[in-house]
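Student: Now for the letters of each chain:
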Amino acid sequence: MCDVCGCSHDEVHETKVVDVNQSLLRANDEIALGNRKHFDEKGILAINLISSPGSGKTTLLEKTIEALQKDISIGVLEGDIETELDAERIREKGAPAVQLTTGGACHLDSALIHKGFHALEKQMNGKNPHILFIENVGNLVCPSFFNLGEHCRVVLISVPEGHDKPVKYPKAIKTSQLLIITKSDLLPYFDFDCEKIKRDALALNPSLTILVTSATTGKGMEDWVGFLKQEVRKRH
Amino acid sequence: MRRKKVHEVSVALGMVDELRKIAEKNSAKKILNVKLKIGRMSGIVTDSLKFAFDAVKLEHPFIASAEIVIEEVPLVYTCNECNRSFDTDNMYFPSCPDCDSYNLRLVSGEEQHIENVEIEV
Chain G
1 MCDVCGCSHD EVHETKVVDV NQSLLRANDE IALGNRKHFD EKGILAINLI
51 SSPGSGKTTL LEKTIEALQK DISIGVLEGD IETELDAERI REKGAPAVQL
101 TTGGACHLDS ALIHKGFHAL EKQMNGKNPH ILFIENVGNL VCPSFFNLGE
151 HCRVVLISVP EGHDKPVKYP KAIKTSQLLI ITKSDLLPYF DFDCEKIKRD
201 ALALNPSLTI LVTSATTGKG MEDWVGFLKQ EVRKRH
Chain V
1001 MRRKKVHEVS VALGMVDELR KIAEKNSAKK ILNVKLKIGR MSGIVTDSLK
1051 FAFDAVKLEH PFIASAEIVI EEVPLVYTCN ECNRSFDTDN MYFPSCPDCD
1101 SYNLRLVSGE EQHIENVEIE V
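As given, the protein sequences belong to chains G and V, one line each in that order. Residue 130 in our numbering sits at position 130 of the first sequence, and the numbers go up by one each step. For our numbering, add 1000 to where a residue sits in the second sequence, where the first one is 1.
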């Protein structure tokens, strides 16, 4: 009896080593590349928002839609483990939104975005938005591993979370182009060192742009909206 | 059971798909060993990945007896000022041990790939 697999034949099991040398995330990266090509062909700016739960991604989107919707069309893909709550909040502001529920997964991947974007196109009767916002599942760890085909990854850290987040979650900072510090109206009430967080974030990612905002007072929103307008203009 | 839980599980599930393609391409009956290179700064927890792979492989006969062997790749930088290369455990603010410069380029440590597989043909 063969002692490799327990079969009753005395066949010779030939083994060999095959060089592979490919990324573990190849499948995701290939679909992401397809998403990106599609966005580029349609002139869509795709933005992936990542942060912890409760740092203000949906609120930032609501304020952004209010500020931009006269001139710029916005579509939103909302990632959550369960519920349609966030998509409903976005629709109430007048922007089309598709809720992607991951059913347990802590991040979005490029295949979900591909599917979700086609559902959004349908909802928009075949029209394309100028900006596609992808609100990732609230989590500062796993979403930073998955390229969705976005042009720009934006990471949010709110004042109540603390200024130590960049050094605790370096991958989120290293893979983003923009850091938005939210809820800055709460700075007087928290031991949050704005200079330290900027220093740490820039040490991890020297090309990172950092904005300090408050959706309540409107602080910094002009810079954010200005950045978006400029990026949209580049594509039209 | 796609896309569940922590990213290591997603990575393990993606790995199953890739291994299936590799097995088909090479007419392999099964896969025996999978060698991975995982960088110190890749963000993948190697124990979690092993645990996830061992859980998902049981559903797929062609990899059910496969073992993954992980080579952890150290974090290596080269100094742009004095050209010294060095290993470090400092993932955040490494500086050159010779000239103290922070102007460094990453040489290795972000790897997350399949190096090779041993197959039975």
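To be clear, the hints were calculated from the coordinates, so they are not data collected in a lab. For each residue, glycine too, the CB sits at the ideal point set by N, CA and C. Check before you lean on any hint, since a few could be wrong.
Stated by the list, open to error - Cβ-Cβ distance ranges computed for the label pairs, FRET-style: (1) THR1046(V) with GLU30(G): 44 to 54 Å; (2) PRO188(G) with CYS1082(V): 17 to 27 Å; (3) MET1091(V) with ASP19(G): 21 to 31 Å.
Claimed, not checked - Okay, derived cross-link-like pairs now, DMTMM-like style, lysine to aspartate or glutamate, Cα gap no bigger than 20 Å in a straight line: (4) LYS1025(V) with GLU30(G); (5) LYS1037(V) with GLU1059(V); (6) LYS1025(V) with ASP19(G).
Student: With reference to the structure, classify each hint as holding or not holding.
Tutor: Each hint tested on the structure:
1. Hint check: THR1046(V) to GLU30(G), Cβ distance near 24 Å, so the stated range 44 to 54 Å is violated.
2. At roughly 45 Å, the beta carbons of PRO188(G) and CYS1082(V) sit outside the given window of 17 to 27 Å.
3. Between MET1091(V) and ASP19(G) the Cβ separation comes to about 29 Å, which falls inside the hinted range of 21 to 31 Å.
4. A threshold of 20 Å between alpha carbons decides the hint, and for LYS1025(V) with GLU30(G) the separation of about 19 Å falls inside it, so the pair holds.
5. At most 20 Å may separate the alpha-carbon atoms for a hinted pair to count; LYS1037(V) and GLU1059(V) exceed this at roughly 24 Å.
6. A hinted pair counts as satisfied when its Cα atoms are at most 20 Å apart, and LYS1025(V) with ASP19(G) qualifies at roughly 12 Å.
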